[in-house]
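Participant: In case you want the letters, here they are:
Protein chains: 2
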Amino acid sequence: MELTINSHEFSLSHNGHIILQHNENNPLVFVGVGEENVEMYRGNFDIEDYLIERVKLDLTVIEQSNSVVNLNFDNQVEIKVSINEDKATLDIKQINNALNRFFIRVNSNKEERFFGLGEQMSYLNLKGRNFPIFTSEPGVGRDKTTYITWRSDVENKAGGDYYNSNFPQPTYISSNLYFLHLNSTAYSEFNFKKDNFAEIEVWEVPSQIIIEGGNSYFDILEKLTDYFGRQPELPDWIYNGLILGLQGGNERTFRLLDETLEKGIKVSGVWSQDWCGKRVTSFGKRLQWDWVFHKEMYPELPAKIDELHQRGIKFLGYVNPYLVNDGELYKEGKEHGYFATKHDGSDYLVDFGEFDCGVVDLTNPKAYDWFKNEVIKKHSIDIGMDGWMADFGEYLPTDDIKLYSGRSAMIEHNNWPVLWAKCNYDAVKEDGKLGEIVYFMRAGGAGSQKYCPLLWAGDQSVDFSLHDGLASTIVGALSAGMTGCGLSHSDIGGYTSLFDNTRTKELFLRWAEMSAFTPVMRTHEGNRPDTNFQYYQDGDCMNKLARLVDVYVMMKDYIKDIVKENAQKGIPVQRPMFIHYADDNEAYERQYQYLFGPDVLVAPVHESEKTKWEVYLPDDIWVHLWSGKEYTKGTHEVDAPLGYPPVFYKKGSKYQSIFENIKEKHA
Amino acid sequence: MELTINSHEFSLSHNGHIILQHNENNPLVFVGVGEENVEMYRGNFDIEDYLIERVKLDLTVIEQSNSVVNLNFDNQVEIKVSINEDKATLDIKQINNALNRFFIRVNSNKEERFFGLGEQMSYLNLKGRNFPIFTSEPGVGRDKTTYITWRSDVENKAGGDYYNSNFPQPTYISSNLYFLHLNSTAYSEFNFKKDNFAEIEVWEVPSQIIIEGGNSYFDILEKLTDYFGRQPELPDWIYNGLILGLQGGNERTFRLLDETLEKGIKVSGVWSQDWCGKRVTSFGKRLQWDWVFHKEMYPELPAKIDELHQRGIKFLGYVNPYLVNDGELYKEGKEHGYFATKHDGSDYLVDFGEFDCGVVDLTNPKAYDWFKNEVIKKHSIDIGMDGWMADFGEYLPTDDIKLYSGRSAMIEHNNWPVLWAKCNYDAVKEDGKLGEIVYFMRAGGAGSQKYCPLLWAGDQSVDFSLHDGLASTIVGALSAGMTGCGLSHSDIGGYTSLFDNTRTKELFLRWAEMSAFTPVMRTHEGNRPDTNFQYYQDGDCMNKLARLVDVYVMMKDYIKDIVKENAQKGIPVQRPMFIHYADDNEAYERQYQYLFGPDVLVAPVHESEKTKWEVYLPDDIWVHLWSGKEYTKGTHEVDAPLGYPPVFYKKGSKYQSIFENIKEKHA
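Residue numbers (our numbering), protein chains in the order written: chain H, 7 to 673; chain W, 7 to 673.
Only chain H is shown next, with the shape it has when bound in the complex (with noise of 0.2 Å):
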């Protein structure tokens, strides 16, 4: 990072790349007040700013001592500009109090190229467009133009839009190569539409920027996370099979289970959502929120647990950080006052669709504790769970609550993703099993790199459409990785399925065959699982995924290090092809490729009724893992029947037996 100040001017390069500036064309700090105006209706928000002042700042005085450079903006806020080699550390301070509006700009160019932004399901380059940071549902549709996005906003205000997420960090890597974080769990803006500058909005003065510069992505991304932590490894066991979605009670579950191997489909575990009991609404079924394993669908749990652990299967439940307000545990928090309250002390309860929560208090360390205690240990882990669904956390509301941190609604939202996260892992660590129990979790913020080991993607639609349906799974997992989440994976087939929106089998296998090269597969039976399809319901189904699975499972060895390699450097395990090929303006281009590791090269069928696939091939020898062709740089139409996915392994890759192995027994 380099300083270049004078009297009034101010620049800080990283590669003779300018990244801020003030000079008296290019003004780096805005200021202001606005008044928000923010409604929730079940976990959708709508957010409307009045901006009372947005004034341009001067820079009035600048001193240097060193390595720090310390800026005053009108007497309004001051910088201090810190440089520790490759990196700048901007601590600001805010002098006028009665601002609660903050921009700043970052320069840009036309070309430059902008990444990350935590889990970002439409656009995986964010160049061009404006994202808002604030943690909430993505979304049913998140396409303003189709249909099923209409009738979700009209009927549940929830369609939402292109940069809608459950995990939204205000993080991103630029081509210019440097990371850039802001330090800040309030309300924010990276706006990226105009082509000399980026602009961040925060409603806050926040406290501080990172902007850290690299050699290459690989350095980019093993700083940030070095800044963030990272996730672990995952447990040997989550590569022994598929993690089989299941619910309906002790007998259905495992009845289906049996069935499920009887077909040959190698298990690692059972995931039943739905062992706290189950509540059905007009969106579907639903849970029972009081997280304890319920006796007359589940009687005696912990000896099935025991048993399923002597078979070599793992069990996995579900979690959240809200309680029904018709629930034994919310009876017990109640008591303690554990609840968030409205201002005036009485209830305050979030209607999470056709149901009512208590919101618990993660900023009381009691009531923390409490939860991680006598919640997630007591009825989780000490009952043989390997592992849960830690869901939601997008959901606090902001309009009357009142939190024992003191600190506002506003601020604490974009946090509770992450407190949500760290009272799983401090569970689970303080148990001794981090590495071996596996949550999994949607919603996330600054910190869900140590926090949460495995990301999932949410709740997609139970279809094809780019921005909520498979192929929105894909720049999911890249977005996630560029911000330090190398671990994702998502629902097979699906999730949602509203408006006479249904699973069919071509998107099961689509969507499984595309997992089997993702860290993790995990089936679910969605929303509403008598009226989509379920792979048990089919016995050719249940015979390609048996295969998909063997795949998958027979690629362990390989899995297992690039697993490691994101522990250890914070490379993802989905990369961008363009993090191995930066010089390759076509690898930027193409969102919906990705390589699983160094070595493999997917290109997920995410249309429907296809045969062939056109593939764009950076610049290595390929080899087609299901032909055994070999291919050079460039577009290649290939064939993609179901259960082919285009997949390519980089020739003379020290794992060329793993998929020559495949394709001797799965080709």
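Put simply, identical chains are the same to the list, so a pair is met inside one copy or across any two.
No farther apart than 25 Å at their CA atoms in a straight line, the calculated lysine to aspartate or glutamate pairs in the DMTMM-like style are these:
| id | residue 1 | residue 2 |
| --- | --- | --- |
| 1 | K116 | D55 |
| 2 | K163 | D52 |
| 3 | K200 | D406 |
| 4 | K199 | D405 |
| 5 | K150 | D55 |
For the record, the hints were derived by calculation from the structure and aren't laboratory data.
We have chain H already, so just place chain W on it with the hints.
Facilitator: Using the frame of chain H, we list chain W on its own:
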């Protein structure tokens, strides 16, 4: 108007209500700089602003001499406030030339109501919402929750929203009994969302704001139309019956006229929109935009018009200020250089939906005169026309268009409908036909009051939807009336049929029964005549229509008097109940009822499948037109079968015999 000033404070009051103020807690003026991005697609505008700065100004110098106060705001802008009795004129001087955004706050409170802003189709009371002022297509559907709006948005960017209007005008009337007019044609927004102030945003520093108080709505409407001018009286022939919208060439048009007359339907005129020829597009039947009578479709049209005149029937045509690039007039205009061009001098053609047109540069006096003389006079007036639809005016593009005036298209855009109205006005006036010829327009702006003798409500959807169907024409007429345009009417049965939405007989008749209580009755076959209900297909409907037209004709003496009141004092023909009942809260709340002159109250049935209808009657004795039953103040349910709209007249009205005759003949 009262001014109060001290060293750094200022206020302007009327009748004890503060209208404008500046003090420590209530800043008056903000200024700033913005970069807009405006894109047009077929008259629908996508408008986005990047607000770079917005600064609250201090009132630094106040000087008073007699009834003039000079306010200097931070040496950025200066406002000279001149008081003349109930009128305050704010002359605004821009000192800092870099500014292109201006914001002024108007004091308000929760209870205050605002009306006007031109022809607003969705909301009569504007409080609580933000209204951009930029003439455009109003949208098809205009309600994001409807399927038609969504389809229109997706397929044509044409769904629109509550504020989109052909005729928005930056002028409102407050329930605190004053009007405010922003004397600027720049893009502006009137934001009434906040309880305690309204904020007006203008995309220039405007030269002037006029505020004038009164002691009643009547007083204010008279003052408002003193300022803008007034619509003249309608010619007597209007009241002879229905204006028949027919098309399809000589044979079809005049055959349908005869069939209509044979059924006893009184006809005042034939309106032939395709006198100039037609063009079939995917939207439906459209016109040949070359404003010359079509020699094949209407051979010897002038002689035909003569013949009609001898039968006591008028003939109306159609003109708009664009010329299709394959027409004769385009060729002539282009030779003279009368079209607006791109900045590089090349042709600027506008896509009007599968055909392209030149924009006659009305800011060029020669082009203006040419269009007035060689197009309107020569080809319309001289062949004997008695009127025409003077369509469009909203489509001045803003991206790369060079105008003779040298002013930017962003400034000329809102002025275009007024220039267009004036061009018609001058043609008619110079030919000595003011008060004889009636042209009717949908587009408008400040000045339409004088230059446009009759509004029509634009292209409603053929349905009962609140925001784009029958009901919306009521709100449109009432808000236009509150902006000084008290003569409006609409296409009986609506116009736009898309996405399988088609006109029913019921809709046609409900619309016709309302139109009998508006100044003008006129039919339209719509954009897809063949697939929509037409009155001439159905004998029963023709009988019912004949009866409704007769009701209208029987009211001639009454209607003439209320039209005269509009011409003399600016009191609209269709008027909100509250202008007569200013203290009646409920009278403000019912935007789908109106007074038709002082003595008739109309509550059109604007939903389908109704036989009864709820009516609110203010404090008087009201006689139900069809039953003669008397009602007093309150909410009543009355019978409202097809053909018998809920209409009441004031007991003791001097026109009572007219209404009694109608009852006798038609009840």
